[in-house]
Structure formats: C-alpha cells, structure tokens
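Trainee: Sequence:
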Amino acid sequence: MTSDLLSQLNDGQRAAVEYCDGAQLVIAGAGSGKTRVLTYKIAYLLQEKGLKPWQILALTFTNKAAREMKERIAVLLNQQDEARSLQMGTFHSIFAHILRVEAQHIGFQSNFTIYDQADSRSLVKSIIKELDLDDKQYKPASVADRISMAKNHLVLPDAFPQSSLFDKKLPKVHEVYSQYVMRCRQANAMDFDDLLVNTFLLFEQHEDVRRKYVERFHYVLVDEYQDTNYAQQRIILQLTRERQRVCVVGDDAQSIYSFRGANIDNILNFRDAYDDARLFKLEQNYRSTQNIVQAANSLIRKNERQIPKDVFSRNDEGERLQLKPAYSDKEEAIIVCNDIKRLRRQEQAQWSDFAILYRTNAQSRSFEEQMRKDNIPYRIYGGMSFYQRKEIKDVIAYFRLVANPNDEEALKRVINYPARGIGDATVNKIVQTATTYGVSLWTVITQPVLFHLDVTRGTAAKLENFRQLVEGWMGRTGTTDAYVLGHAIIQESGVALDIHSSRDPEYLSRQENLEEFLSGMQSFVESRREEDEGDHVALSDFLQEVALLTDLDSDGDEDQPKVSLMTIHAAKGLEFPTVFIVGLEENIFPSLLSTGSMRALEEERRLLYVAITRAERHCIMTCAKNRFRYGRMEEDEPSRFIRDINPEFLQVDQPRQQADDFGQSRLPWQQRGGSRSSEWMQNSRPVATQFRADPKPRAIPPRREEPSVNPFSESFERQLKMASGGRFKPVRQMAPASPSSSPSSGSSSSSPSSSLREGMVIEHQRFGIGTVVKVEGHGENEKATVEFRNAGTKQLLLKFAKFSIVR
DNA sequence: CACGTCACTGTTTTT
DNA sequence: CAGTGACGTG
529 MTSDLLSQLN DGQRAAVEYC DGAQLVIAGA GSGKTRVLTY KIAYLLQEKG LKPWQILALT
589 FTNKAAREMK ERIAVLLNQQ DEARSLQMGT FHSIFAHILR VEAQHIGFQS NFTIYDQADS
649 RSLVKSIIKE LDLDDKQYKP ASVADRISMA KNHLVLPDAF PQSSLFDKKL PKVHEVYSQY
709 VMRCRQANAM DFDDLLVNTF LLFEQHEDVR RKYVERFHYV LVDEYQDTNY AQQRIILQLT
769 RERQRVCVVG DDAQSIYSFR GANIDNILNF RDAYDDARLF KLEQNYRSTQ NIVQAANSLI
829 RKNERQIPKD VFSRNDEGER LQLKPAYSDK EEAIIVCNDI KRLRRQEQAQ WSDFAILYRT
889 NAQSRSFEEQ MRKDNIPYRI YGGMSFYQRK EIKDVIAYFR LVANPNDEEA LKRVINYPAR
949 GIGDATVNKI VQTATTYGVS LWTVITQPVL FHLDVTRGTA AKLENFRQLV EGWMGRTGTT
1009 DAYVLGHAII QESGVALDIH SSRDPEYLSR QENLEEFLSG MQSFVESRRE EDEGDHVALS
1069 DFLQEVALLT DLDSDGDEDQ PKVSLMTIHA AKGLEFPTVF IVGLEENIFP SLLSTGSMRA
1129 LEEERRLLYV AITRAERHCI MTCAKNRFRY GRMEEDEPSR FIRDINPEFL QVDQPRQQAD
1189 DFGQSRLPWQ QRGGSRSSEW MQNSRPVATQ FRADPKPRAI PPRREEPSVN PFSESFERQL
1249 KMASGGRFKP VRQMAPASPS SSPSSGSSSS SPSSSLREGM VIEHQRFGIG TVVKVEGHGE
1309 NEKATVEFRN AGTKQLLLKF AKFSIVR
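In my numbering, the protein residues as written are 529 to 1335.
By construction, these hints were calculated from the structure, which means they are not laboratory data.
One or more of the hints may lead you astray.
Simulated restraints, written as ranges between beta carbons of each label pair [as the list claims (entries may be wrong)]:
id: 1; residue 1: 743; residue 2: 1089; range: 45 to 55 Å
id: 2; residue 1: 690; residue 2: 1089; range: 49 to 59 Å
id: 3; residue 1: 833; residue 2: 897; range: 31 to 41 Å
As a list, the in silico DSSO-like pairs of lysine-lysine whose alpha-carbon atoms are at most 27 Å apart [as the list claims (entries may be wrong)]:
id: 4; residue 1: 667; residue 2: 918
id: 5; residue 1: 657; residue 2: 921
id: 6; residue 1: 653; residue 2: 700
id: 7; residue 1: 700; residue 2: 957
id: 8; residue 1: 667; residue 2: 697
id: 9; residue 1: 901; residue 2: 653
id: 10; residue 1: 696; residue 2: 667
id: 11; residue 1: 657; residue 2: 667
id: 12; residue 1: 592; residue 2: 918
id: 13; residue 1: 700; residue 2: 657
id: 14; residue 1: 957; residue 2: 664
id: 15; residue 1: 657; residue 2: 696
id: 16; residue 1: 696; residue 2: 653
id: 17; residue 1: 837; residue 2: 809
id: 18; residue 1: 592; residue 2: 921
id: 19; residue 1: 697; residue 2: 657
id: 20; residue 1: 653; residue 2: 918
id: 21; residue 1: 809; residue 2: 592
id: 22; residue 1: 830; residue 2: 809
id: 23; residue 1: 921; residue 2: 869
id: 24; residue 1: 869; residue 2: 667
id: 25; residue 1: 653; residue 2: 697
id: 26; residue 1: 697; residue 2: 740
id: 27; residue 1: 592; residue 2: 580
id: 28; residue 1: 869; residue 2: 918
Computed from a predicted model, the values in this text were never measured in an experiment.
For every residue, glycine included, the Cβ atom is placed at its ideal position computed from N, Cα and C.
Please model the entire structure based on the sequences and the hints provided.
Mentor: Right, dumping it as structure tokens:
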C-alpha cells in the first residue's frame, strides 16, 4: 500500500514526503503538486510512521482547502473516520477551538463571541467618537487596519508607541488600541487577530497548557506558508520547537496577503528558526502548458526579492497568452462571454471549465450583466457573502446576544431593531456608563440603578422590557435546540414582523434569505443530532460554526456547471482549463494604492503571477480603454505588467471594430489602424475625445431575474452542509412566518389612550389610505403601525402624525 | 424618536 | 454609483 502511495509521486515529491526527521521547508512552484505532497505526507505519517490522526495538526488557509485535503486523504487511506479525526483546519478555526477549551486561563469565558471585520470597525469607530477625535484624521477603517497589523506582529498596546507601526502624526491610535482591547475583553469578544494573539499569549503564559498541546501534536504541517504572519509563525514555533517535526509548504512567488500581515520573510528565514531545517523544491508544473508557465516565469522574474527557482512544464507547448483590448468595460464583458461560448463549442468544454478573475470585487458587475443577457450560468464567489447581509447579520446578532449577552456590537445592533424606542441618545449613555465603570453594556442594562444610568422612567421601562426579552431566551438555551429557539427569537424579537411588513422586492428577498437561513439552521441541527445522538444542539454550537464560515468556503456546484467569477485572491489554490484575467489597467491592476512602493508593486506582480498560473490551457487577458467608475466614464491606460511579460509568449489582439456603432467615426486609438497593436498600447497619449459608453443603447427586452442562475440562492445551505461534514438531509420547506402568528409578548398589552384601534382605516396626509394593524404605547409615546395601500407599512407617532379616520 | 431627503465622499485584496 | 452622515419634519 505504502509503496503504492509513493509510486504515484515524482522524485522531488517523494523526497519531501519521506523526510520526517526534522523541520522541513517545501518550496512548491505553482502547479507542482503542493497539495499532493501534503496529503500523501499525512497518509504516509499515518500508515508508515504509526501516528494517530489526532496527533497530526494541519493548518490551512481556507476551510475549503482543509475539507478537500481531508477528502483526498480519506480516499488515499480508504478510511473515512481516520481522516475525520485529523486536526485539520484554518489557523483561525483550530485556534478558536483551543481558546474555547482554555478560555479561563486568559480571562475569557468559553462562550466568547468572534467579532468579524465589520464589528471591529464599528467598535473602533465608536471609540474614536467617544475620544472626540477627528474622524477625518483618524479614519476608522485605517485605524482598525493599523491595530490589526499590530496584533499580527504581536505588538500589544503597551509596546505600540515604541513600534514601527506608531505614527507620530496620529498619536492617539495608541489610545484607541488600548480602549479597543479593553472593550473587547468586557464584551467577552475576540476579533480574528485575537484568535492568534490570544493563542500565542495562552501558550506563552501557561507553560502547562503549551505542553499539553505539544504532547498532543506530534507533527505539524502548514499549507500556504508564504501567507502566514508573524503571530502565526511564532505559534507554530511554540508548538514545534522541541520536536522540530514540522513541515511547511509554500511558494514565495505566490505571497499575496501582506495587507493582512503576511510576511514573506517567514518563508525566506525559515531556516533561521529551526536548527536543521531542510529545503525541498518542487519545480515541475503539471497544471499548465509550457507557454503559460514561461509567460508567468518571465513576469515574476521582474521581482527582486525571491527564492530562485526554475519552474518548468513538460505539457504541450500550448497557445500563447492573449491580450484582448476592449473599448469599454461593457465590450470587455462581451469579448469574454463570446470567447467562453466559442471555446465551449470548440473544445466541448463545460461552463465550469472557465473562470473570470479580477482584481476587485466591484469589477464583477459588467460580467454579471453580460452573462445574464447571454444565458451563461455563473457563480460569483466572495463579494457580499450571505451572512453579511443586513437581515442575516441582524438575526445572528440576536443569537450572539443570547449566547453572550456581553457582546457589545451585537447589543448595539439589535437593541433598537426593530424600533423599540431606545435611540442613539440612550445607547450613548449606556456606553458611557459602561466605560466609566469598566463593565459591559449588558451589565449596565441589568442594573441601571446601581450604575446611576441617567434615563427617564419611560426609557428605563423600555430597557427593562428588552432585558426581559433577552433573558427569556437565555433561560431557554439549555433546554431548547438551536433551530426552535432561533425561530422563536426571530418571531418574538419582532424581526419577522418587520421583514414581512412590506411587499417591495427588497423585503421579499430578505424574507427569502431569512427562510434560507432558517432552513440551513435546521439542517445543521439535524445533522448534528445524528452525530451526537440525542444531545440537544445549542444555539452557541450553531454560532461557532457560522462565525468562521466564508462564502468562499462553499464548494463549486456539482449539480450544475457554472462559470466562476472571483477575485484573484479568492482563486488562490484553484485551477481552470481557461482563465480570463480582466481589467489589466493601470490603477486597477496594479491598484492605485500599490504603485507607491516597490514592495507593494512586487506583491501586485505576484498577484498577476498567481492569476496566470491558475490556467491550464488558455489564459486570456483583457483591458478596457474606458471604464465606468465613480459614476462617470474614465479613461484607463493598459497595465504596466503587460510589458513585463516576454512578448514571445504573448499575443496582442487588435481592438475590435464595432462596425454598426462606430462605423463612421474612427476611434482615436485606432487612428493608424495597421498591424501593430493600437496606439494607446504603445503608451502614447490617447487623444482626448468624448465618448459614451454605449452610444446606441441596444434594445434589450427587460429581463426578469433568472432564477436558475441566481448566484446566491444556494450558498448558505451549501456552507452549512460543508460545515456539518457534508452529511445533511434535505429539509422540508419552512412556512414563511406570518406577521399575525405571534403577538410579541407583553409589550402590546397596554391599552392605547387615543381613539385609534386596530383594524381602522385612516387617510394620512402623505401616505394616503391605510389600515391600522397595531396600536401601542401611551400618551406622548403612543404609536401606530399602519399598512398603507401604496406606501408600505409605516410607524406613526400619533403625537405628530397628520391623518383622518376614514372608518 | 423615526424616517426621509440630500449632500458628500471614497474607492483592494480576506481569515 | 453606492453607502454614509447630517439635517429637517411629523
């Protein structure tokens, strides 16, 4: 069996798999079988070296990579269970798990919340406001990024002023950072970076805990090592410095995550960290044609900092890379779609054999539109992921609050959604009080008198109502499973009512998303229950799964082939027979922000290298001369990187002549026609002429959404299916929650003081005719919910509203 | 307090 | 062209 395993590898790969006696750095060129080495090595460790699956820790960059590797190992070993008990996952998910177990050692509770980037930014933003700093100078996003960077380098607040990240012009960042850390702690929350920092601190400050994990993990493997940051590198060292049984695999030429703190030095200096580290190189590319490999090599050679290597291919020579200049972003999409259709016919390919890769998510739009027109099935990865949508985030925030009431960001998100009369002023007072006393917002809400919370009696009552609402759910977590409780929360919070209050398309899609979310939740509960036999699946179990899921983790669609659209970052590790790299223009690729420094520019170049090396047979690049951006048409120059590719491997197409649209007036960039590539390709100044994007708007019949190509409808269930180990049952369709089905408990019992009652029809000055569906509150605060015929559902404060009763 | 309107502004990549 | 924040109105 084992000899069988090894015989499927080439010499370099086999050497890398067989060496198990010390630290090992495998430099794996693009397409050289990196994943193959990792999977075979793990199989080898299990079979030949007698390691138990739980003794092997394998860290990957994405959940998807981990999942695929597990599947491949299961196939290799013909053993499902062994593969399943491997400790394999992303740094973040593995460490989050360890931190839940060991939370008490570092002063957290094991039910801590994981703040996503939006939560972090929002917290930073409110701290900046509270410190009365100018948010033009202290931009929340960039301050948050700086704090993140500090954490990635294990620079704690105390050391921050002495670090190179400290900017004298922005001295207060230090204070924001300190505040931020304190607030997270009070909220019993960790952001993504804290999962690393706190793991490091846990091991650093608790030798016994570190020992425990060193004992457990006999062998540590790390994928995509070029994209690890300092914190990750140090944790790996903490776990491996005694045994030195560590294998890291990566390619410095594919390091593209420096904005996230990834440090190419980790890979360049690996041999300094371990005494006797051995270097292995994999240089034969099995993925791509010779032309693609050589074009990519010629590009990356322009970078200075790199480990020398000679990647080669013995596949067909293949065709040259192609560059197809387009007149506009619209035409760019047309060119790509036509090529997809053409190649699919010519090579009898599947839709899923094509990928469109771009630098920024925003670029997906023009392709989306064109593919709808052309009826090409597609799927967009990344971008706005399912649970970043407002309606999903709101619901998750309720769940988070129930699982961990100290969660500040969750509390702030839902305390007044749906509106319950607790406005910004009140929330600010709570925050201020909480900060003064160094407690969580929730603590203040539970004991407002103790903390001298200065609010009116009316507001105090509203807060008390809210507290009871949340505590009611908290009391049920132990006995009610996640799905039932989740459903109850959505009803009783009033979210269901709000979401079903209108019929306009936006609300309709929210309803659909929420239903999908719920049914995904139900399948999660069912599949979990199967595994853990009868034990009830708590809300927190569900949350822990959801917190670290990404849209990118959902697998490609097996039932229906589709063209993939994604950023180059998201495409890392993937391969496609045909790859389109679009938007090869200055200020897009390379991005405007990276043209300043050499380092940043080299990273952009590596990014293009990654993009090109995703292609197996065809690599087609496009650039547009005019691009619709910031609401207007702008002119773009072709990317400088085009000149970095050896012309021997590159074919530049003539810009396409659009006869019927432009037949008379020649385009400025085609003035000289001829055989050369166009004028602007030779970097001379284009003639400034006004053009419209689409001078003759083609008559296109208005199109309804194609349900068959809705890129989002499947995402969530798929993710949960993946998360629950791929075993999950089809669920019965949830009946949509009806607004009338659940009176929200308690609050509606008060008798209104005016003459307005449910069921009455009124005519409002602005909104017109409508039916009163609910009346609540007294006197000043009395308000009515009215369903207007033409204006949707509105809340009216009766003190102000101008209306008359019709009947 | 909630909601609508209007002006402004800023642009990368993601666990 | 979004998505956000300031402001006025009911």
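Trainee: Decide, hint by hint, whether the structure agrees.
Mentor: Cross-check of the supplied hints:
1. 743 - 1089: 45 to 55 Å: Given a distance of about 47 Å, which is inside 45 to 55 Å, the answer is holds.
2. 690 - 1089: 49 to 59 Å: 55 Å, holds
3. 833 - 897: 31 to 41 Å: 40 Å, holds
4. 667 - 918: With Cα atoms ~23 Å apart, residue 667 and residue 918 stay inside 27 Å; holds.
5. 657 - 921: Given pair residue 657, residue 921 holds - Cα atoms ~23 Å apart, limit 27 Å.
6. 653 - 700: Between residue 653 and residue 700 the Cα gap is close to 13 Å, so the pair holds against 27 Å.
7. 700 - 957: 23 Å, holds
8. 667 - 697: 13 Å, holds
9. 901 - 653: Outside the cut-off at roughly 42 Å; violated.
10. 696 - 667: 15 Å, holds
11. 657 - 667: Between residue 657 and residue 667 the Cα gap is close to 11 Å, so the pair holds against 27 Å.
12. 592 - 918: 25 Å, holds
13. 700 - 657: Satisfied, since the Cα-Cα distance of roughly 12 Å is no more than 27 Å.
14. 957 - 664: The hint holds at about 24 Å.
15. 657 - 696: 20 Å, holds
16. 696 - 653: 20 Å, holds
17. 837 - 809: 8 Å, holds
18. 592 - 921: At roughly 23 Å apart (the allowed maximum being 27 Å), residue 921 and residue 592 satisfy the hint.
19. 697 - 657: 18 Å, holds
20. 653 - 918: 19 Å, holds
21. 809 - 592: Holds, at about 25 Å.
22. 830 - 809: Satisfied, since the Cα-Cα distance of roughly 21 Å is no more than 27 Å.
23. 921 - 869: Violated. Residue 921 to residue 869 sits at ~38 Å, over the 27 Å cutoff.
24. 869 - 667: 45 Å, violated
25. 653 - 697: Holds - the C-alpha atoms of residue 697 and residue 653 are around 19 Å apart, at most 27 Å.
26. 697 - 740: Distance ~45 Å between residue 697 and residue 740 Cα, so the pair is violated.
27. 592 - 580: Answer holds: residue 592 to residue 580 is near 23 Å, not above 27 Å.
28. 869 - 918: At roughly 36 Å apart (the allowed maximum being 27 Å), residue 918 and residue 869 break the hint.
Of the numbered hints stated above, those contradicted by the structure are hints 9, 23, 24, 26 and 28, listed in ascending order.
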